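Produce the complete structure using the sequences and hints provided.
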Amino acid sequence: MERHVLIVFPHPDDESFTVSGTAASHLQSGTPVTYACLTMGQLGRNLGNPPFANRITLPAIRRAELDASCAAIGITDLRILGFHDKMIEFEDRELLDGKLRELIEELNPSLILTFHPLYSVHPDHDACGAAVVRVVEAMKPSDRPKVHTVAFAKGHERALGPADVQVDITLFLEQKVGSIKAHKSQFHTDPVFEGHSIHDPVLRERFATEKFWTYKFDPHPKKRG
Amino acid sequence: MLPIQPQAVQELLDKLKDRELYLHLELTNGAYTFERDRSKLVASNMIRNVKVSYSHGSISGSGPYRVGLKMPEGWIYAEGLTHYEESETEKAVLAGNDRDGKLVVSLMLSSEPF
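If you read the sequences in order, they're chains G and X.
Residues in the first sequence are numbered from -12 upward in steps of one, following the working numbering.
Residues in the second sequence are numbered from 2 upward in steps of one, following the working numbering.
By construction, these hints were calculated from the structure, which means they are not laboratory data.
Take the hints with a grain of salt, since some may be wrong.
Stated by the list, open to error - Label pairs and their calculated CB-CB ranges: (1) G:Ala146 - X:Glu91: 48 to 54 Å; (2) G:Pro188 - X:Ser63: 29 to 35 Å; (3) G:Thr176 - X:Arg39: 21 to 27 Å; (4) G:Lys141 - X:Trp76: 35 to 41 Å; (5) G:Lys127 - X:Thr90: 37 to 43 Å; (6) X:Arg39 - G:Met126: 35 to 41 Å; (7) G:Glu81 - X:Pro114: 52 to 58 Å; (8) G:Asp79 - X:Glu74: 30 to 36 Å; (9) G:Gly17 - X:Val43: 40 to 46 Å; (10) G:Leu82 - X:Arg100: 53 to 59 Å; (11) X:Glu113 - G:Glu124: 37 to 43 Å.
Everything numeric in this text was worked out from a predicted model, so none of it was measured.
By construction, the Cβ of each residue, glycine as well, lies at the ideal position given by its N, Cα and C atoms.
Written out as structure tokens, the structure is:
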């Protein structure tokens, strides 16, 4: 059993397809889960179809959707870090890493779930994973939490091998589908909205396993100048 | 947002001219474009909360629409605009959304920063 699980993603909705079932399973076994979301996804391209959001209203709408997603999963500790969508890779690293370091010091998580710094497609995803890795790598090896990364870029399995952590979340499909459905402005074209029940084999096939790659830190890191 | 009514947008552009305004101009084909089709390029840009002022602004085309704003020493231009926020009377909130409802282009002007 984990001591505390910290989820770090850049956009509201990044949690739904990736970690929502795993988070629900940790919560059920009594492990506290904190979700740190770096941005409000204010540059998201999905606005509903026909559009019910616009560039001005989108951040507030996505904030409400994120609250609903957390409620569906059971997450009560949500931290909004206030960075700007699509700008994570350009952000002042001291500021970004400092916020993550503070969180890790406060929560002392035994496990962090985030994106892989190289195989996560969106520049914000990669930059988010890279920031987590930088902060954890700078810790004393014995103090480091495990870092389980989500990867999905083409060729990620060729590069990383098969996922070494595969979580069966069959018992938490309701939470996962609830999280996906909470992001109405973002996933309105997903087949999950076509009225499949969580007992539908199509849904189970697609969602029953969440895959992670454990980030391998150098056990004896050299001090960086 | 509603499909653009060019007359309403033109009236708004006329109303906002010669004012000091904050501009948000953005074009994107989506961060997943290359992942879906390796022959394509992910391309996007954004300029946000830069102060501008234009002396003449107009909308043209028959949908999707184009907007050009003439400034003392340059131009602001956007093509592919399909929707406008009808509830905004002191701001121009224009967007070009594709068939799936995904935003491709955004042009906004306001006297307050976004």
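For each hint, the structure was consulted:
At about 51 Å, the beta-carbon gap between G:Ala146 and X:Glu91 stays in the expected band of 48 to 54 Å. A beta carbon spacing of about 48 Å between G:Pro188 and X:Ser63 contradicts the range 29 to 35 Å that was offered as a hint. Checking the proposed 21 to 27 Å range against G:Thr176 and X:Arg39 shows it holds: the Cβ atoms sit about 22 Å from each other. Our hint of 35 to 41 Å for G:Lys141 and X:Trp76 holds, since their Cβ atoms are close to 39 Å apart.
G:Lys127 and X:Thr90 have their C-beta atoms about 58 Å apart, which leaves the hinted 37 to 43 Å range violated. Restraint check, X:Arg39 to G:Met126: a C-beta distance of roughly 38 Å satisfies the suggested window 35 to 41 Å. In this structure the supplied range 52 to 58 Å is violated for G:Glu81 paired with X:Pro114, their Cβ-Cβ distance being about 25 Å. One distance hint, 30 to 36 Å for the beta-carbon pair G:Asp79 and X:Glu74, holds here, with the actual separation near 32 Å.
Separated by about 42 Å at the C-beta atoms, G:Gly17 and X:Val43 satisfy the suggested range of 40 to 46 Å. About 39 Å separates the C-beta atoms of G:Leu82 and X:Arg100, a value inconsistent with the hinted range of 53 to 59 Å. The hinted range of 37 to 43 Å is satisfied by X:Glu113 and G:Glu124, whose Cβ atoms lie roughly 42 Å apart.
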